[in-house]
Amino acid sequence: MAEPALMLNGVKAGYAGRIVLQSADLAVGKSELTAIIGPNGHGKSTLLKVISGIVRVSAGEISLAGTRIDGLRPDQIVEKGVIHVPQGDLLFSGLTIHENLLMGAYRTREARSIAERLERVFSLLPKLKDRRNQVAGTLSGGERRMCGIGRGLMAGGDLLMLDEPSLGLAPIVIDQIYEVIFDLRRAGLTILIVEENAQRIMDEADRIHLLDNGRFAWSGEGSELMARPEIIEAYLGA
Amino acid sequence: MDVIIQIIASGLTLGAMYAVATIGLSLVYGSLNMLNMAHGALLTLGGYICYATITHLGLHPALALIAAALVCAFAGLIIYVFATLPLLRAENFETNIFIATIGIGAIIENLMLKSFGPYPIPQPLGISGQVVIGNVHIPVQNILILVTALILMAAVAFLLQKTRAGRAIRATAMHREAGQLVGVRVGQVYAQVLALSGALAAVSGVMISSIATLTPVMGGDPMLKAFIVCVVAGLGNVYGAVVAAIALGVLEAATQYVFGVRWSFATLLLIVILVLIWRPYGLFGRQQVVRL
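Taken in sequence, the protein lines are chains A and B. Just so we're aligned, residue 1 is where the first sequence starts under my numbering, counting upward by one. Just so we're aligned, residue 1 is where the second sequence starts under my numbering, counting upward by one.
Be careful, since some hints might not be right.
To be verified - Pairs of lysine to aspartate or glutamate residues, derived as EDC-like cross-links and limited to a Cα-Cα distance of at most 20 Å, are as follows: (1) Lys-80/A <-> Glu-177/B; (2) Lys-30/A <-> Asp-206/A; (3) Lys-127/A <-> Asp-183/A; (4) Lys-129/A <-> Glu-99/A; (5) Lys-12/A <-> Glu-61/A; (6) Lys-129/A <-> Asp-183/A; (7) Lys-162/B <-> Glu-110/A; (8) Lys-12/A <-> Asp-212/A; (9) Lys-162/B <-> Glu-99/A.
Just so you know, the hints here were simulated from the structure itself, not pulled from any lab data. The structure displayed is predicted, hence computed values, not measured ones.
If we strip away everything but chain A, and leave its shape as in the complex, we get (with noise of 0.2 Å):
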């Protein structure tokens, strides 16, 4: 595995008292795509959470490149250079997509950098550009997944976690989404990808982590997968 981009040790973490990671370890090596499957409500979403520090850690260590970030504030995070584009895109819907994406690059001031970025994304995301001056609120699900990629991007940051990119899209949106993400990740960005559907990554997945009740149940890289069939069946019921 390439050098560790962020490591979770012992990560335990819940809400109001109900622990939902109960022991987690992770190594996410640097320009890799790492993903995590899982059945459904068994923390997936939590340790993304958990490392953008939306929930707060509650026992164990986390280090982006070396350096403890649990216990730091969600914008702290930010600031670090984790990038979280959660489940459902959490757009701002009464904002234009132009608006949403200059948002992703809140903590940046420098406007060249937000321009850069900004062509960037659209040369990416083409149809945002068309958009831009559309409420995202008015978007398609496609459109909205595509914006909130884009806006993550424009924070300009060293991983990218996405929760669960393909849920609820037609397939060839999903082939679209994932070109995009199959072209970050050859670009040299570190990706930390929630999926559900475990076959819909598993060719492209440097590593492959099974989550289930809180604990990482198998890690190994997609082809080891492909070869345990039973435990796509057990854990993932395909």
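Starting from the known structure of chain A, fit chain B onto it as the hints suggest.
Using the frame of chain A, we list chain B on its own:
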């Protein structure tokens, strides 16, 4: 014709004062889901600070207005630090902050009572003279209030629409968690909103006391009307609040002329009831106001 000019002139002045009083209230509700019951007391505080800095410190009226705005902005920050912040971390925020701000309002009003006494005091900030249109005499003071309110509303609109801070305020109001995920420090945004609301309340208090008088309970009536405007517009809708404030101001002036002063407040309440029956979330409101 003269009657219509008179009604429009009085209505616009009333509406402008209501709008300035309402913007802060609406901003705070839109951002935090917080009904700030101390808003009326902040109006009162602003009026008295302006009075005290002119009469006791000899400040220029414009500087006194700025001083009042700064003091009330600071009071807004105090409310954030000592009431909003601790209660945001607990459950039932909306109910708890509602009660807490009633207490804060009572403290401010009693401080004013203790410091300045219970009797009405004229606000020294004022301009004499009249402008005559047809047979209607419009006080210059009213025109000044209208112009000041328009400048303030334009400034708030510019802040919200065109600046990075304003975009963060609007975005965080739409989705708190999404705001955090793009790096907005939401606590800072809440503090800014409460400070801005305090400053607007101060200006509103100065305006209202300049055509009425200063008393420790002077904020109660405008706050009630500001709530009415908020409800009619749709809680948390700042631009709707401005439109509703102007419309209700003109309507109040017309009611006062046609039916008499005693019916104006009853008419406002009747309109609220009708609006809530017709559109339960207000004229410009949406079914869901996103909680930060």
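Please write out, lowest number first, the hints stated earlier that are contradicted by the structure.
When the structure is compared with the hints, none of them turns out to be violated.
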